[in-house]
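Trainee: So the sequences go chain by chain: A and B. The letter at position 57 of the first sequence is residue 57 when you use the numbering used here, and the numbering goes up by one with no holes. Quick note: to get the numbering used here, add 1000 to the position in the second sequence (first position is 1).
Treat the hints with care, as some may be off.
Claimed, not checked - Partial list, derived from the structure: chain A residues whose beta carbon lies under 7 Å from chain B:
| no. | residue |
| --- | --- |
| 1 | Ser27 |
| 2 | Ser31 |
| 3 | Phe45 |
| 4 | Ser94 |
| 5 | Ala102 |
| 6 | Phe104 |
Source of the hints: derived by calculation from the structure; they are not laboratory data. Just so you know, even glycine gets a beta-carbon here, dropped at the ideal spot from N, CA and C.
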Amino acid sequence: KAGVTQTPRYLIKTRGQQVTLSCSPISGHRSVSWYQQTPGQGLQFLFEYFSETQRNKGNFPGRFSGRQFSNSRSEMNVSTLELGDSALYLCASSFVGPDTEAFFGQGTRLTVV
Amino acid sequence: GENVEQHPSTLSVQEGDSAVIKCTYSDSASNYFPWYKQELGKRPQLIIDIRSNVGEKKDQRIAVTLNKTAKHFSLHITETQPEDSAVYFCAASMNTGNQFYFGTGTSLTVIP
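Please take these sequences and the hints and turn them into a complete structure.
Mentor: Laid out in structure tokens, this is it:
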């Protein structure tokens, strides 16, 4: 079956702009989480959606937001981009949520200039 | 919240030797501990996981041990091969959803 798909793979944006990233989970998976990966900080949790509801949220400013659609596809949005937002953004899907394996997408590489 | 620490940050071993990566966690409510391998330019992939009701789990050359009392868990790779070279992440999660707290990663290099 198809894996987790993230689009686009690469993005270059200018400081102050906004960006939307997309994540299509594995068919049947209802939980989607988002992570920011940077060389210095590793993988940091942004938020998790389950059945169109945000279930958990990490310690990121309100400029980072997300949503989930009825087909479990998820989007995350970053507004007023800053240079420090440059990172690899990964989403992970799982079947139920707690205590189950999470499958990662290949990520979206965001560069803010 | 949960804090996961991982050591070492870099590790070089000769092919055939063993590699050990250690992680500690802070929140006793954590009950699921996966390990992910991330090769350069690729997505993290689960290689082994352990739940809090188990002390040790093994899968061929890979094993993970968990000490709940001390709040630490370790990854052991035996008979290392060059294709084991990658960044390894430990993680911890609680029974609250698909939310993982990751360690900062260990870059493992296996020297042929």
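Trainee: Work down the list of hints and note, for each, if the structure agrees.
Mentor: Results for each hint:
| no. | hint | verdict |
| --- | --- | --- |
| 1 | Ser27 | violated, 16 Å |
| 2 | Ser31 | holds, 4 Å |
| 3 | Phe45 | holds, 5 Å |
| 4 | Ser94 | holds, 5 Å |
| 5 | Ala102 | holds, 6 Å |
| 6 | Phe104 | holds, 4 Å |
When the structure is compared with the earlier hints, a violation turns up for hint 1 alone.
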